[in-house]
Amino acid sequence: MQKLIKNNIRDVRFGKKCVIVKPVNLYECELGNNVFIGPFVEIGKDVKVGNSTRISSHTFICPKVKIGKNCFIGHGVMFTNDKFSNGIINFNEKDWLKTKIGNNVLIGSNATIMPVKIVDNVVIGAGSVVTKDIKKTGIYAGNPAKYLKPLK
Amino acid sequence: MQKLIKNNIRDVRFGKKCVIVKPVNLYECELGNNVFIGPFVEIGKDVKVGNSTRISSHTFICPKVKIGKNCFIGHGVMFTNDKFSNGIINFNEKDWLKTKIGNNVLIGSNATIMPVKIVDNVVIGAGSVVTKDIKKTGIYAGNPAKYLKPLK
Amino acid sequence: MQKLIKNNIRDVRFGKKCVIVKPVNLYECELGNNVFIGPFVEIGKDVKVGNSTRISSHTFICPKVKIGKNCFIGHGVMFTNDKFSNGIINFNEKDWLKTKIGNNVLIGSNATIMPVKIVDNVVIGAGSVVTKDIKKTGIYAGNPAKYLKPLK
Chain A
29 MQKLIKNNIR DVRFGKKCVI VKPVNLYECE LGNNVFIGPF VEIGKDVKVG NSTRISSHTF
89 ICPKVKIGKN CFIGHGVMFT NDKFSNGIIN FNEKDWLKTK IGNNVLIGSN ATIMPVKIVD
149 NVVIGAGSVV TKDIKKTGIY AGNPAKYLKP LK
Chain B
29 MQKLIKNNIR DVRFGKKCVI VKPVNLYECE LGNNVFIGPF VEIGKDVKVG NSTRISSHTF
89 ICPKVKIGKN CFIGHGVMFT NDKFSNGIIN FNEKDWLKTK IGNNVLIGSN ATIMPVKIVD
149 NVVIGAGSVV TKDIKKTGIY AGNPAKYLKP LK
Chain C
29 MQKLIKNNIR DVRFGKKCVI VKPVNLYECE LGNNVFIGPF VEIGKDVKVG NSTRISSHTF
89 ICPKVKIGKN CFIGHGVMFT NDKFSNGIIN FNEKDWLKTK IGNNVLIGSN ATIMPVKIVD
149 NVVIGAGSVV TKDIKKTGIY AGNPAKYLKP LK
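Protein chains in written order, with our numbering: chain A, 29 to 180; chain B, 29 to 180; chain C, 29 to 180.
None of these hints come from the bench; they were simulated from the model. Since we're looking at a predicted model, the values are computed, not measured. The reader is advised that the hints may include incorrect statements.
Identical chains blur together in the list; that is why a pair holds if it fits in one copy or across any two.
Unchecked claim - Cross-link-like lysine-lysine pairs, in silico, DSSO-like; alpha carbons within 27 Å at most:
1) Lys-180 with Lys-92
2) Lys-76 with Lys-44
3) Lys-94 with Lys-50
4) Lys-177 with Lys-160
5) Lys-122 with Lys-94
6) Lys-50 with Lys-92
7) Lys-45 with Lys-122
8) Lys-31 with Lys-45
Bound conformation, chain A alone:
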């Protein structure tokens, strides 16, 4: 009556010197060089993670997310690819929305990222909910996340 799928690492393209702390659930994604993946992380299909980016524990990266180089993705960060905008969920992969995170982006723990684009050199405060594209470098926080101040 039940099908048990064991936690695993399936069809992942690893760069050099990646470090993975088990248990994780990674499938059909691509990790650059020197990528760190903490425990209790799930990364889905068609995700790309750039060189020297760190994905912290408890984070979920949904299909169709691209993350740049030298980023820090905090703990318990949830990415999304469906806005439920018509009150239904899309089971059709081609309708899932994309997210693109630039280089040197730091995302605080427990942040939630709707399907958006974020430019390089951005800080997202812990616990924030990012609902719109971020087109300008700086520090953002809140629910919904708003511009707070420039980087020093």
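Guided by the hints, dock chains B and C onto chain A, whose structure is given.
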């Protein structure tokens, strides 16, 4: 000096064609037919999950939560059954509060659900904190979650 | 090309009668007597947890956090030790900020705790983001968390 409890599946009533991605911690709960449970999910005692409902990774469903059919519970969603309203926690199960989620309810990732009732055909935005009963169909978001607009 | 670190318990000082639900990732930390650790919990270096405190599932306690006695740390609670205040992350442990949680503190699920001090006898609502020190007993909630009312 320590007692180690291994992650497991204990006293769970499964419907037909359930899919479970390990590791999970499920105990004394009841899952309908075609239920999907993602990795890193904990579901406690006296929880019922309706047919064709999907519980995504990193979600915690506390004791005394009933979820209807065809729901999508996002990633990192936390249910609660104690409001700490007197500044103490209730270790007495009989004092834990109930939550009832209707059919066709979509709960976005990282949402927090206080002990409430939610009617059928509701969307809760990602990162929201639901603090009150939701009695009317529609889309809700924010902390605390407020009514945004009707479903299309 | 990859180094796999298995989920484990390494260099942990346990008090008497601790209960740990696997899988967890605990290292170089100290747990008092009667401490409960739920599944999918990560606790880092230099963390101290007081007697009879309960750390619920999916929670991450970063290095340099001290938690008092008789606390309840909810599910999916994320502690932090770096404010990214200059737009960079500190890889240098000596620059990580400290957090101190008093006794009888109840932290609701999905809360995010910036590096702060919280006095004894405080309740933090579920889904809150605590950005400042809490110097007065009472109930706090919101993003950012604000004082709501006294304990009864």
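Each hint tested on the structure:
1. Lys-180 with Lys-92: Between copies only: 26 Å across, 32 Å inside.
2. Lys-76 with Lys-44: Answer is within: at 14 Å inside a copy they meet the 27 Å cutoff, but 35 Å across does not.
3. Lys-94 with Lys-50: Both: 22 Å inside a copy, 26 Å across copies.
4. Lys-177 with Lys-160: Classified as both; 17 Å inside a copy, 18 Å across copies.
5. Lys-122 with Lys-94: Intra 16 Å, inter 32 Å, cutoff 27 Å: intra-copy only.
6. Lys-50 with Lys-92: both (23 Å within a copy, 23 Å between copies)
7. Lys-45 with Lys-122: between (33 Å within a copy, 25 Å between copies)
8. Lys-31 with Lys-45: Answer is between; shortest inter-copy Cα gap is 7 Å, intra-copy 34 Å.
Hint compliance for this structure: no hint is broken.
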